[in-house]
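**Student:** If you read the sequences in order, they're chains Y and W.
The numbers in UniProt numbering rise by one with no breaks, and the one at position 506 of the first sequence is 506.
The numbers in UniProt numbering rise by one with no breaks, and the one at position 123 of the second sequence is 123.
I should point out that these hints are in silico values taken from the structure, not numbers from a laboratory.
Some clues are possibly wrong.
Per the computed footprint, the stretches of chain W lying under chain Y, defined by three or more beta-carbons under 8 Å from a beta-carbon of chain Y, are [to be verified]: (1) 2-14; (2) 37-46; (3) 52-58; (4) 62-76; (5) 90-96; (6) 150-156.
Pair ranges (Cβ atoms, derived) [to be verified]: (7) Y/THR244 <-> W/GLY66: 54 to 64 Å; (8) W/ALA148 <-> Y/SER54: 28 to 38 Å; (9) W/ALA148 <-> Y/LYS236: 51 to 61 Å; (10) W/GLN113 <-> Y/GLU90: 37 to 47 Å; (11) Y/LEU184 <-> W/ASP121: 48 to 58 Å; (12) Y/LYS238 <-> W/ASP121: 52 to 62 Å.
Just so it is clear, the structure is predicted and the values come from calculations on it, not from any experiment.
Idealized CB from N, CA, C, for every residue including glycine.
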Amino acid sequence: MDKTVEISRRGLLKAGALGGMLVVGFQWSGKARAAAMPASLAPNAFVRIASDNSVTIIAKHLEMGQGSYTGLATILAEELDADWRQVMVEAAPADAKRYNNLMWGPTQGTGGSSAMANSWKQLRQAGATARAMLVAAAAQQWQVPAAEIAVAQGKLSHASGKQASFGDLAALAATMEVPKEPKLKDPKDFKLIGKQKLPRKDSKDKITGRAQFTQDVNLPGMLTAVVAHPPRFGAKLKSFDATTAKQVKGVVEVVAIPSGVAVLAHGFWAAKKGRDALKLEWDETAAVPQGTPELVAQYRALLDQPGAVASKTGDVVGAFKGAAKVLKADYYFPYLAHAAMEPLNCVMRQDKDGVEVWNGEQMQTVDQAMIASVFGIKPEQVSINMLYAGGSFGRRANPASDYPMECAHIVKATAGRHPVKLVWTREDDMRGGYYRPLYLHRVEVALDAGGQLLGWRQRVVGQSIMTGTPFEAFGVKDGVDATSVEGASDLPYAVANLQVDLHSPRLGVPVLWWRSVGHTHTGYAVETMIDEAAKAAGRDPVAYRLALLDKHPRHAGVLKLVAEKAGWNQPLKAGKKGEKRGRGVAVVESFGTFVAEVAEVTVRPDGSYKVVRVVCAVDCGIAINPDVIRAQMEGGIGFGLSAAMHSAITLKAGAVEQSNFHDYPVLRIGEMPRIEVHILPSDAAPRGVGEPGVPPIAPAVANAIAAATGKRLYDLPFKLS
Amino acid sequence: MLKLSINGKTHEVDADADTPLLWVLRDELGYTGTKYGCGMALCGACAVLLNGQPTRSCSLPVSAVGKGKVTTIEGISGAPARAVQAAWQKLDVVQCGYCQSGQIVAATALLAQKPKPTNADIDAAMSGNVCRCATYHRIRAAIHEASAIMAGKASDKLEA
Numbered sequence: 001m002d003k004t005v006e007i008s009r010r011g012l013l014k015a016g017a018l019g020g021m022l023v024v025g026f027q028w029s030g031k032a033r034a035a036a037m038p039a040s041l042a043p044n045a046f047v048r049i050a051s052d053n054s055v056t057i058i059a060k061h062l063e064m065g066q067g068s069y070t071g072l073a074t075i076l077a078e079e080l081d082a083d084w085r086q087v088m089v090e091a092a093p094a095d096a097k098r099y100n101n102l103m104w105g106p107t108q109g110t111g112g113s114s115a116m117a118n119s120w121k122q123l124r125q126a127g128a129t130a131r132a133m134l135v136a137a138a139a140q141q142w143q144v145p146a147a148e149i150a151v152a153q154g155k156l157s158h159a160s161g162k163q164a165s166f167g168d169l170a171a172l173a174a175t176m177e178v179p180k181e182p183k184l185k186d187p188k189d190f191k192l193i194g195k196q197k198l199p200r201k202d203s204k205d206k207i208t209g210r211a212q213f214t215q216d217v218n219l220p221g222m223l224t225a226v227v228a229h230p231p232r233f234g235a236k237l238k239s240f241d242a243t244t245a246k247q248v249k250g251v252v253e254v255v256a257i258p259s260g261v262a263v264l265a266h267g268f269w270a271a272k273k274g275r276d277a278l279k280l281e282w283d284e285t286a287a288v289p290q291g292t293p294e295l296v297a298q299y300r301a302l303l304d305q306p307g308a309v310a311s312k313t314g315d316v317v318g319a320f321k322g323a324a325k326v327l328k329a330d331y332y333f334p335y336l337a338h339a340a341m342e343p344l345n346c347v348m349r350q351d352k353d354g355v356e357v358w359n360g361e362q363m364q365t366v367d368q369a370m371i372a373s374v375f376g377i378k379p380e381q382v383s384i385n386m387l388y389a390g391g392s393f394g395r396r397a398n399p400a401s402d403y404p405m406e407c408a409h410i411v412k413a414t415a416g417r418h419p420v421k422l423v424w425t426r427e428d429d430m431r432g433g434y435y436r437p438l439y440l441h442r443v444e445v446a447l448d449a450g451g452q453l454l455g456w457r458q459r460v461v462g463q464s465i466m467t468g469t470p471f472e473a474f475g476v477k478d479g480v481d482a483t484s485v486e487g488a489s490d491l492p493y494a495v496a497n498l499q500v501d502l503h504s505p506r507l508g509v510p511v512l513w514w515r516s517v518g519h520t521h522t523g524y525a526v527e528t529m530i531d532e533a534a535k536a537a538g539r540d541p542v543a544y545r546l547a548l549l550d551k552h553p554r555h556a557g558v559l560k561l562v563a564e565k566a567g568w569n570q571p572l573k574a575g576k577k578g579e580k581r582g583r584g585v586a587v588v589e590s591f592g593t594f595v596a597e598v599a600e601v602t603v604r605p606d607g608s609y610k611v612v613r614v615v616c617a618v619d620c621g622i623a624i625n626p627d628v629i630r631a632q633m634e635g636g637i638g639f640g641l642s643a644a645m646h647s648a649i650t651l652k653a654g655a656v657e658q659s660n661f662h663d664y665p666v667l668r669i670g671e672m673p674r675i676e677v678h679i680l681p682s683d684a685a686p687r688g689v690g691e692p693g694v695p696p697i698a699p700a701v702a703n704a705i706a707a708a709t710g711k712r713l714y715d716l717p718f719k720l721s
Numbered sequence: 001m002l003k004l005s006i007n008g009k010t011h012e013v014d015a016d017a018d019t020p021l022l023w024v025l026r027d028e029l030g031y032t033g034t035k036y037g038c039g040m041a042l043c044g045a046c047a048v049l050l051n052g053q054p055t056r057s058c059s060l061p062v063s064a065v066g067k068g069k070v071t072t073i074e075g076i077s078g079a080p081a082r083a084v085q086a087a088w089q090k091l092d093v094v095q096c097g098y099c100q101s102g103q104i105v106a107a108t109a110l111l112a113q114k115p116k117p118t119n120a121d122i123d124a125a126m127s128g129n130v131c132r133c134a135t136y137h138r139i140r141a142a143i144h145e146a147s148a149i150m151a152g153k154a155s156d157k158l159e160a
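Make a model of the complete structure from these sequences and hints.
**Tutor:** Structure representation (structure tokens):
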């Protein structure tokens, strides 16, 4: 985002003693260092080693299922040579200076599959620093040269037989000089990173029901708030009558807030009954008028008109004039809700010092500033207690901070009389907006007589996610939101003549990033069309792609690996009588990670189908936790299958038609394929895995269905019969 | 006042008869391991055992519980439950974890009835439990692992 990143990485180290604890951390700027020096015992740190021998790693990123706590702990524990069993993870407070995402500039947040990538050097240095200070302490205590001291699995030792635990030396180590450039390990010496199975740090609490989510917070005197929202996007409250609502047992207060009317009660059930008993009148004059059919018609018209140019090389018009064959297809991608298992919620309490928040958030410091603006206080007066999020997939990374702001308005409207737990029902969550935008694509491909790619023209129509947010400044250039065209504007396949353009209609339906963002649709359009091109050329889909990926060896690497592991060159086993079987492939790079997937599909005589097996190959650079990487590929494939097979949000006159899992179906266990994940060994710096498993699955399945039936699918979710 | 048997303990609660058991468990009694996901018995996050049968607490009025014995994630015990939790930990099934109390309750009920379930048994018994992280692949494997644990082929102890 800005140059802060580079400057920050050269930040100075500091340390201080806190009780028997060694505290190590980074100071990011001279000004901040000066201000923070007297407060050197403050927890602006990534690791804390206590005399009880516990190693606490402070996580600046949200754990929403993607394994960030385990990954962050692995990086630091590796350089520290800690015993995995002594390592605990604690959530960092919100602080843009100490805990910013180094890939985002001065913002703390989790997204874009960046947690490992931006923490890699930072946490290795933090761990190595702590290790060096423990070694220095042992050297002093034992009167031996530091170079003769070994550290392994949380123990320091010397050939003389002397031994100590981290806890034994923590207090003395805190008085040692902080090394400016601690020596990092040679990757060949890694003992934790890349090892097959380090148990997740959040596993036990999540299988015993003890893990704390926002939904589980219960503060003394707390009331639960359920809010009546407008029935259509853009509608506003005209008037309300709370007489009946207030008669519901347990209802304490009813207040109007900018986003609707909040009913506060003792417990969720009373609050919901109260909310449902409200008599509401809405001003719908500014409401979104269109339904999905009208929007699609409007977008289709735009497909015929040139848009803002996102990418242009060569002479596309000339390429199409000279083409022996032209392929053309229009694609439809619906709005999608994130529909995380934990419906949106937020807990907030106001006191004389400021506001305290309990939540699992992807953008702590954005939310912090937005909440502060409601109360007219400083961001640092808003403290955030980070809890696990029960999924998010981008939804809790909202630049508009919609649900934390709503909670803040409720607390403000009730003058801070009660701590408030805002709870959205599933229906509120599904109808609350901030969807993956609806997109149409038109892709046209020019081929020569031999089937070689001459030209590629792609037009994208859909709302911009970044326009109107603080991210617009760096994410939108010349009318092009990079997240609308990523994966197409930087098409990996070699083609001399490429043009990608974009229409970004403005509309009052709130939109947001949804696990893998632009790649959710560009990956589909590109990977199904290149498959059509291969077919038109009479070539094998893997070989055709490989021939166009000379300049993209990492795409080629995962493609070759997945083909080998899937047995691509062996015939697919036949199905039962009447069944058609097919195999399809797709490869997509997103967020610096390369993933190829092969899907095997069985299509039954009645047109129903099953994805039987998926083989996945991933190159995410150095594999920090192979088992977490496998889990994210498995989960990403399942998440992508929900969208491919089932899910769509549709509108009728600006009102959402779906409400819960019966009309917004998602993948269930019986539809989950067998999955095999293969990790390509790499010594490149690690990148993320939370999102990149998603984009290839829908096109791989579509290509498999086409291989089985000859039918190409251009609309999502798929309809075969 | 209603008397409820939860995890072997009797609780007296003052709740409207139509209040779903889920909200009595969570808001009145502090058993927050049982989760709210959909409120319509569509997702299984709220699953508890009622007399050993997996039951959707979000859609069961508390007045209908009567003398039934309710077991939540905090109270599950016995060989199938221990095996399921040990298998879940061994295979690191969880991701966000929000649905997992319900998954574990459902898997426990399955194994109590069918100690050696097939994939088809698993898909049938677990199809009411949604996981948006799509940990299904590991849920299936973990139920087979739990079955092996129950047969004495591996330990049912949880790691610290």
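**Student:** Checked against the structure, which of the hints given earlier come out wrong?
**Tutor:** 1, 3, 6, 7
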